[in-house]
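Visitor: The lines below spell out each chain.
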Amino acid sequence: MNKRPSQKTKIELLLNAIKSIYSTNDKRFLVASLLLHIVLFSMLLVSWQSSDPVKLNSIPSSVQARVISLDELKALRSKREAEQKKIVDRKKALTKQKKDKLRKKELKRKKELKRKKDLKKKEAVAKKKKKEVKRKAAEQKKIQIQKKEKAKKERLKKEKKQKEAKQKEEELLKKKNKVSEQIKRKVREQRLLDKMLQAEAEREQDLERELEAERAAKALSRQQELALEQELSETEKFLSLIRSRVVNQWHIPPKSTGLSVVLQIKLLPTGELSSVRIIERSGVKAFDQSAENAARGVQKYPVPEKRELFEKQFRVFSMRFAPS
Amino acid sequence: MKLIITVFSFLVCVQSVYAELMIEITEGSDTALPIAIVPFANKGGFPIPYDVSRIVANDLQRSGDFDALPIGKMLSLPEKFDQVHFRDWRMLGQNYVLLGQLKYSEYTKKYVISYELIDVLSQQRVLGEVLSAGPKGLRKLAHKISDAVYEVITGVRGVFSTKIAYITLKQLTKNKQEYKLHVADADGKNDFVLFKSNEPMLSISWSNDGKHLAYQSFHSGRPAIYIQHIRSGDQRKVTSFKGLNSAPMWSPDDSSLVMTLSKDGNAEIYIYDLATNKVNRLTNHYGIDTEASWSPDGKEVVFTSDRSGKPQVYRMNIKEKKPERLTFVGNYNARPRFSKDGESLYYVHRSRGSFHIAAINMKTEEQLVLTSKTSLDESPSVSPNGRMIIYSTLRGKNSVLAVVSVDGGSKYFLPSNSGDVREPAWSPFLN
Chain A
1034 MNKRPSQKTK IELLLNAIKS IYSTNDKRFL VASLLLHIVL FSMLLVSWQS SDPVKLNSIP
1094 SSVQARVISL DELKALRSKR EAEQKKIVDR KKALTKQKKD KLRKKELKRK KELKRKKDLK
1154 KKEAVAKKKK KEVKRKAAEQ KKIQIQKKEK AKKERLKKEK KQKEAKQKEE ELLKKKNKVS
1214 EQIKRKVREQ RLLDKMLQAE AEREQDLERE LEAERAAKAL SRQQELALEQ ELSETEKFLS
1274 LIRSRVVNQW HIPPKSTGLS VVLQIKLLPT GELSSVRIIE RSGVKAFDQS AENAARGVQK
1334 YPVPEKRELF EKQFRVFSMR FAPS
Chain B
-13 MKLIITVFSF LVCVQSVYAE LMIEITEGSD TALPIAIVPF ANKGGFPIPY DVSRIVANDL
47 QRSGDFDALP IGKMLSLPEK FDQVHFRDWR MLGQNYVLLG QLKYSEYTKK YVISYELIDV
107 LSQQRVLGEV LSAGPKGLRK LAHKISDAVY EVITGVRGVF STKIAYITLK QLTKNKQEYK
167 LHVADADGKN DFVLFKSNEP MLSISWSNDG KHLAYQSFHS GRPAIYIQHI RSGDQRKVTS
227 FKGLNSAPMW SPDDSSLVMT LSKDGNAEIY IYDLATNKVN RLTNHYGIDT EASWSPDGKE
287 VVFTSDRSGK PQVYRMNIKE KKPERLTFVG NYNARPRFSK DGESLYYVHR SRGSFHIAAI
347 NMKTEEQLVL TSKTSLDESP SVSPNGRMII YSTLRGKNSV LAVVSVDGGS KYFLPSNSGD
407 VREPAWSPFL N
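Going down the list, the sequences are from chains A and B. Following the numbering used here, the numbering of the first sequence begins with 1034 at its first residue and continues without gaps. Following the numbering used here, the numbering of the second sequence begins with -13 at its first residue and continues without gaps.
Think of the hints as simulated: they come from the structure by calculation, not from any bench. Idealized CB from N, CA, C, for every residue including glycine. One should not assume that every hint holds.
Said to hold, decoys possible - Computed cross-link-like contacts, DSS-like style, restricted to lysine-lysine with a CA-CA straight-line distance of at most 27 Å:
| id | chain 1 | residue 1 | chain 2 | residue 2 |
| --- | --- | --- | --- | --- |
| 1 | B | K285 | A | K1333 |
| 2 | B | K307 | B | K228 |
| 3 | A | K1201 | A | K1185 |
| 4 | B | K308 | A | K1318 |
| 5 | B | K397 | B | K349 |
| 6 | B | K326 | A | K1288 |
| 7 | A | K1318 | B | K307 |
| 8 | B | K308 | B | K326 |
| 9 | A | K1288 | B | K66 |
To be verified - Which chain A residues face chain B? A few, computed with CB under 8 Å, are given here:
| id | residue |
| --- | --- |
| 10 | Q1179 |
| 11 | V1317 |
| 12 | F1320 |
| 13 | R1329 |
| 14 | G1330 |
| 15 | F1350 |
| 16 | S1351 |
| 17 | R1353 |
| 18 | P1356 |
Chain A with its partners taken away, still in its complex shape (with noise of 0.2 Å):
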């Protein structure tokens, strides 16, 4: 009986041993167990938060128990105790390797962080320095219109200024001249009226000399008159012998009554014709040819034998053809 507990016993036994596994080593374990958890939930935390994935020890879905003695047990239970803290060391130095490179990541996430927001800082910094700049030259440029303005005025002011002063200057002048003027016609019309009572006083005696050159200038003119009539009367009778003779040449074509042909006449001092040209056309060639043919006519032209008359009125003259 001894030998061979039995199943009720055997139970109370293991229930023992495990109570007291639990009861020396209780809190240890307990802080290995949370311990255990804490890390496992970290790995799985770690795991959905990095690319790679975390392979977890797959756990006995079975366990097989046997009866061992107590001394079993605690060199079991030391071993056990190595290997879990061997476990549990690996787990640390895990951890802590994760932990690093998580920490280095960070790290470099954060530097990263760090670097663009510099360079966001930067860049606004130059953006703030180019408005800067660009509202200076703005202003620049408004001070100097402004500027230019205020010297535009000034100039006009002052130009305004040195007109109204010329203006006064002049209008000073013109008083002054004309005081001057008013002076000087005094003097003048005082001067003057002193020879008209002189002048008056010499006319009587002048009056009969004027009338005595008048009448010589009569006389002159009278022979100038009657050397100009004598020149007209020779024109106008070299005229008239000039046209009966082309009227005797002129065969008026039929209907040419309203048609007017003029051509100018250039002769040679002995009456030849020199040429004849058409300057004023009738529209009609018929008429035209038969005015210069008239022209033409002609054998010889009656003119005056004084060559200055010639020269004046017949060298060059005109002929109208228009039928009546």
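Start from chain A and add chain B according to the hints.
Guide: Chain B in isolation, oriented as in the chain A frame:
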């Protein structure tokens, strides 16, 4: 002082006279234009049926506008321009010289004529042509040269190639007469009889296309108006109303005839439409209205009427139909005919018992008697260029045809060997 101003003004005037010396020529010579028509040289010596240059000379001489130099007075007979001695022609007082050559071609059986018209005063050739014609066409060709010369010198188209129509009367026996309707060249030559009858014929009128004649004839036993085609001789009776059918005259567009009819009881003026054969009465007066003719624009007619007691010329607008008397000088003015430009009216005017051809200016109403030296002048007909009037007049015992220029300046008679010649009518331009 005044005197000085006067003298100065006078001098200024004289000076301006000097500057504008212009001789006004308003009259011309009364004489005709001298022209020398040198006999055309016959190159080859082939006989020539007509003396072409002589026909040209006669044409130009007859126009009254030219005075052709007799051949005997010519100092040389040049055939070409470069043979002309201008000094000689100028000495002879010639303004123009017409010269040419004529040669017969055996191959074409035609005469080839080349001619040149030379202006002596400007020493330039103003016209030149080469023409050809058969022996029968030489006369026509000569008239063509005359037309060209006339036109280039005067600026007016020549009428030497036109025709005339007239009627001759021959007393066959004491009671029998022969009337003939002739068509001839404008110089009276080359005539042919278009129609003949023993009954009277009167009032010839040329259609404006020159293809037909309208006239009055009694050959059917009663007065009727006929139209006859000149080339074919085809004759057509237009009207033969009861009473008078006389004095037909073609309208300017040849669509109708104006005529005298007495179908309604009295001699009145009617327009006969040749397309519809309808008549349109223009006058309505108890006096005799007759011898109507058209104005050039076809809007008016002029006619003779004795409504005032004596024959006088009246004018009527064919739409308004209100007659207006035009002649007041003398107690006989009849047979009016408008000038081609419508500015003058020619008619028969009686003065001191003689009948003459007279003209009235439609603007100034000035009257001019054109034929004072002949008597019994009648039937005036104006040439198509408006320069000449052909009419019949009494010469000796016979009636002959005469031509007078519209200004009365020149006149000639057309030779005839056909007894009495009367009722002349000048054709329009035919080409």
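Visitor: So if I understand the rule, the pair passes when the alpha-carbon distance is 27 Å or less; does K308 (chain B) with K326 (chain B) pass?
Guide: Between K308 (chain B) and K326 (chain B) the Cα gap is close to 23 Å, so the pair holds against 27 Å.
Visitor: At a threshold of 8 Å, is the proposed contact between G1330 (chain A) and chain B supported by beta-carbon distances?
Guide: 6 Å, holds
Visitor: Compare the distance between the alpha carbons of K397 (chain B) and K349 (chain B) with 27 Å, and conclude whether the hinted pair is satisfied.
Guide: 26 Å, holds
Visitor: Does Q1179 (chain A) pass the interface hint, meaning its C-beta sits closer than 8 Å to a C-beta of chain B?
Guide: Check failed: Cβ of Q1179 (chain A) comes no nearer than 72 Å to chain B, outside 8 Å.
Visitor: Report holds or violated for the interface hint on S1351 (chain A), using the least CB-CB distance to chain B and a cut-off of 8 Å.
Guide: Holds - the Cβ of S1351 (chain A) comes within 8 Å of chain B, reaching about 5 Å at its closest.
Visitor: Regarding the pair K1201 (chain A) and K1185 (chain A), is the alpha-carbon distance no greater than 27 Å?
Guide: Cα-Cα ~24 Å, so holds.
Visitor: So, as I understand it, the hint says V1317 (chain A) touches chain B; can you test that by seeing if any CB pair is closer than 8 Å?
Guide: 5 Å, holds
Visitor: K307 (chain B) and K228 (chain B) were given as a pair; does the straight-line alpha-carbon distance stay at or below 27 Å?
Guide: 24 Å, holds
Visitor: Quick check on the hint: F1320 (chain A) CB to chain B CB, less than 8 Å?
Guide: 6 Å, holds
Visitor: Keeping to a limit of 27 Å between CA atoms, is the pair of K1318 (chain A) and K307 (chain B) held or broken?
Guide: Measuring from Cα to Cα gives roughly 42 Å; hence the hint is violated.
Visitor: With 8 Å as the cut and Cβ atoms as the points, is P1356 (chain A) at the interface with chain B?
Guide: With Cβ-Cβ at 6 Å, under 8 Å, it holds.
Visitor: May I ask you to test the interface hint for R1353 (chain A) with respect to chain B, counting a Cβ-Cβ separation under 8 Å as satisfied?
Guide: 5 Å, holds
Hints 1, 4, 7, 9, 10 from the list above are not met by this structure, while the remaining hints are.
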